[in-house]
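> Let's have the full structure, built from the sequences with the hints guiding it.
Sequence order for the protein chains is E and B. Under the UniProt record's numbering, the first residue of the first sequence is numbered 1, with each subsequent residue one higher. Under the UniProt record's numbering, the first residue of the second sequence is numbered 1, with each subsequent residue one higher.
Hint data in this document are derived by calculation from the structure and do not stem from the laboratory. Model, not experiment: these values are computed from the prediction. Hints may be right or wrong, so weigh each one.
For identical chains, the list gives no copy identity; a pair is met inside one copy or between any two copies.
Claimed, not checked - Below are the EDC-like pairs computed for lysine to aspartate or glutamate, each with C-alpha atoms no more than 20 Å apart in a straight line:
#1 58 / 28
#2 194 / 156
#3 72 / 178
#4 58 / 5
#5 55 / 24
#6 194 / 28
#7 194 / 148
#8 58 / 184
#9 58 / 178
#10 55 / 178
#11 72 / 117
#12 72 / 136
#13 194 / 67
#14 55 / 117
#15 55 / 30
#16 194 / 150
#17 72 / 184
#18 72 / 187
Number of protein chains: 2
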Amino acid sequence: MPEIDFWYSIGSTYSFLSIMRLPDLASESDVSVRWRPFNVRTVMTEQNNIPFAGKPAKSAYMWRDIERRAAKYGIHANLPAPYPISDLALANQVALLGMGAGWGELFTRNLYRIWFEDGVEAGSETALSEALHRTEQDPLPVLTRAREPEAVRALEEETRAAVAAGVFGAPSFVVNGELFWGDDRLEDALSWAKVGHVV
Amino acid sequence: MPEIDFWYSIGSTYSFLSIMRLPDLASESDVSVRWRPFNVRTVMTEQNNIPFAGKPAKSAYMWRDIERRAAKYGIHANLPAPYPISDLALANQVALLGMGAGWGELFTRNLYRIWFEDGVEAGSETALSEALHRTEQDPLPVLTRAREPEAVRALEEETRAAVAAGVFGAPSFVVNGELFWGDDRLEDALSWAKVGHVV
Numbered sequence: 001m002p003e004i005d006f007w008y009s010i011g012s013t014y015s016f017l018s019i020m021r022l023p024d025l026a027s028e029s030d031v032s033v034r035w036r037p038f039n040v041r042t043v044m045t046e047q048n049n050i051p052f053a054g055k056p057a058k059s060a061y062m063w064r065d066i067e068r069r070a071a072k073y074g075i076h077a078n079l080p081a082p083y084p085i086s087d088l089a090l091a092n093q094v095a096l097l098g099m100g101a102g103w104g105e106l107f108t109r110n111l112y113r114i115w116f117e118d119g120v121e122a123g124s125e126t127a128l129s130e131a132l133h134r135t136e137q138d139p140l141p142v143l144t145r146a147r148e149p150e151a152v153r154a155l156e157e158e159t160r161a162a163v164a165a166g167v168f169g170a171p172s173f174v175v176n177g178e179l180f181w182g183d184d185r186l187e188d189a190l191s192w193a194k195v196g197h198v199v
Numbered sequence: 001m002p003e004i005d006f007w008y009s010i011g012s013t014y015s016f017l018s019i020m021r022l023p024d025l026a027s028e029s030d031v032s033v034r035w036r037p038f039n040v041r042t043v044m045t046e047q048n049n050i051p052f053a054g055k056p057a058k059s060a061y062m063w064r065d066i067e068r069r070a071a072k073y074g075i076h077a078n079l080p081a082p083y084p085i086s087d088l089a090l091a092n093q094v095a096l097l098g099m100g101a102g103w104g105e106l107f108t109r110n111l112y113r114i115w116f117e118d119g120v121e122a123g124s125e126t127a128l129s130e131a132l133h134r135t136e137q138d139p140l141p142v143l144t145r146a147r148e149p150e151a152v153r154a155l156e157e158e159t160r161a162a163v164a165a166g167v168f169g170a171p172s173f174v175v176n177g178e179l180f181w182g183d184d185r186l187e188d189a190l191s192w193a194k195v196g197h198v199v
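Below, the structure written as structure tokens:
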């Protein structure tokens, strides 16, 4: 089965659309998707890439665009959501732990719902604990582990792997070394995985 | 007939795709399109928005993405094209003059072909003169007029109108006050013009 690396970062607004769309799209396409949380903030800071801070026109557009696209895909959201999030690293360290333990995808979707539907900032203890509850994980031990040096290092390693794959923003999709950036390239990435070009 | 303002800037790479796709798409959709060249460099500088300078990973991706998308749409191109262009203001002052005289669209397409197919930088005298020739316009008087204060002011006014419409980058499409940014939102803009939402 063809495989896609789905590089996303909790804290990235457009990742919301991909996170909600991927399960159905991937199963329709018979493509296997590897969810890979990384620290997009580190990558963008290193690459001098500031997407929205200090850019009111572009920020206002981003929320409106996500609102229109969510409506198009039938995804529920109350926008704008709190942005930027506070502890981006911690949220993604939890997600990465979850990927190793089999609950990472569900945790990610639950956390984005808390952020984009309930309006609770995704890096906060409140949001992280509630998302873990909804994922049937005990928040206290998970958050403790997620703060340990091993979990910190694991996210840093994944972030370096993202950069090595050419990733400069989130969400990104990598298929056989071919990079696609943005939720609006998800269909192109699936097409690449299936037939080797963009249809 | 529904109407779209197509805000573009000679010098913008992704505008190439829209410039090549619009004639067919617009006539298929029964939508009337007003081509409005503006100075995207002024707008982005004012809004502290630096798309590609100093961002090698994002720049490399941009060319690869345009290449894949051009192939998808059956548009010929030799990439990467010289970037950034030198005299962005002059090129758009010529285009704006042409819009008033009825040859602006054809001039724009000819100039983009010279830039993206023949590899001649679009702000250069060579490219501008050749594009005017191919558009059956006499380069010398047109370039003289395009440098006069009236033409300079006209582009500045259009640029202010773009900002007033919420435009922060190129290409952008405005339909009944609704802004769409990027060639990948052209279909959404056409859909908005026809049915008032994104399908």
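> Output the indices of the hints that this structure fails to meet, ascending.
Violated hints (numbers, rising): 1, 2, 5, 7, 12, 14, 15, 16; every other hint is consistent with the structure.
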